[in-house]
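Novice: Take the sequences, apply the hints, and build the full model.
In terms of our numbering, the sequence shown is residues 3 to 520.
By construction, these hints were calculated from the structure, which means they are not laboratory data. Worth double-checking, as some hints may not be accurate.
[As the list claims (entries may be wrong)] The calculated lysine-lysine pairs, modelled on DSS-like cross-linking and capped at a C-alpha distance of 27 Å, are: (1) LYS475 to LYS502; (2) LYS135 to LYS154; (3) LYS320 to LYS436.
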Amino acid sequence: MKRTLAISLAVVLSAGSLAACSKEETSTPSATGASSTAAATANPAGIDDGKELMNISLMVPQYAEIGPSNDSPLIKKLNEKLNIKLDLQWIPGASYNDKISVLAASNSLPDVYRIATQDYMQWRDKGVFMDVKPFLSSYPNLSKELPEAGLKELNGKNNYYGLPYYGIPHLFSMFIRKDWLDKLNLKMPETIDDFYNVAKAFVTQDPDGNGKADTTGFSILINPNGTFGNAASLMGAFGLGNEWGLQKDGKLVAMQAQTEELKGFIGFLRKAYAEGVLDKNFLVMKSADARNKLWNGQVGIQLINPNEALRLDLPNIKKNAPQAQLEQLLPPAGPTGIRATQTDGMGQTKVVINKNIDPKKQQRILKLLDYMLSDEGYDLLKEGVEGVDYKKKDDGTFEKLETKETGNLLSINFFRRADKAIQLHKYNDQTYVKQVTQWLDNNDKFDYPNYGLGLAAETDIYKKINLTQMNTKWMSSIARVIANDAGMEEIDKAVSEWLKAGGEQLTKEVNDIYQQRK
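Specialist: Here is the structure:
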């Protein structure tokens, strides 16, 4: 239903943008016509001298915390700095994408906003978003503080229709109950075999000492889109690609078609399931369920955001086990020595500027975004306003102040530098900062790249097939093998059916784009 709505909206938006383009082409030169185009070519930033007060509508998702309001000290500082009046619209995160669709249908999209991957790809070439690539050289902070790889994600060679909402590529990693290891006199796992043996010991040797067989080794998830969750390090260890792997011949291969590697990985999970080492409920578990099992002392290994390990996960575990200790578990080495940590895209979510607003306003928005990434602007966005969100103490350290609004929420939910320390602040305990930084640095050592990231959505075949349906059907067969309801030969059948259903053509077209972009 949602995909159908998005396609319909794309048609509406395309028609509207074409009409707008036609109108511009037949009008006489004006501030928004030929003269401004010429000025943009010579000096794009010079279109706007900054003297005119501009109203700018900005929309961003909001989750549990409350972000700064339009009359907050932080927004006032931005307004004064850029000579603007921000109309900041915080939309509940659960309904944010639907809100975008409604605004698009009524041709009332905001001036600048954050947009999810699916909607971005659906509308990218429909005349909805401003192409920012020609202007980046005029805005040094946008060029300096955003990774080139993030800019390129979901974009072609010649156009950037959005700026990356930077995602930390190596954010999540496995953590292990160190107190359970110590109780059972076990060493930290180094290899995939070590990992299995430790996880099995957590099941069979009563690590919590309660005399009950009520613990499991590790959990994975089956995502609604037919992919594995919480399993990247295990998949990578067996040589499976992170969605798209790179073969020795330089061609990409879909993970769903890596027959031999799948047999190694699925065979590992099949054994773990049979021996109770893999959570028996993995087929129906959600990420919150897996986390609750960690908190409740039912599982000893879990995927965690290092930013939350000490301030959220460990305190919740200690409610039931005061002696609990958590330690980062580095990715176990697979049969050929591969070690991989979960690696995500840096620019799959975009910050976009409305293509059909005044060019002067577009440039003012670029100045705003550029300022947000400057030293002064980023300190404001990330830390908040001194004296309101935090204060500097006499000894030179900083203290967080209690506020109703979260001053730094624009940097969390809207726009930020390529900063993996985005959740670490000057007012945090520096021992805590050092520990989390070390964990994040460790993650960077085990990159697990998706070589075809975002390319599938650009293919022609993608518009004709239902990739989620294909993957879900594939996963159904794979899950049966894991649960011992089908033999290992079912893997060959699942691969063959996935390729025949459109995977073969998809692989060809993804490779064509990949070779063009190299």
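Novice: Taking the hints in turn, state whether each one holds.
Specialist: Structure-based check of all given hints:
no. : hint             : in the structure
1   : LYS475 to LYS502 : holds, 13 Å
2   : LYS135 to LYS154 : holds, 10 Å
3   : LYS320 to LYS436 : holds, 22 Å
Going through the hint list in order, the structure satisfies each hint without exception.
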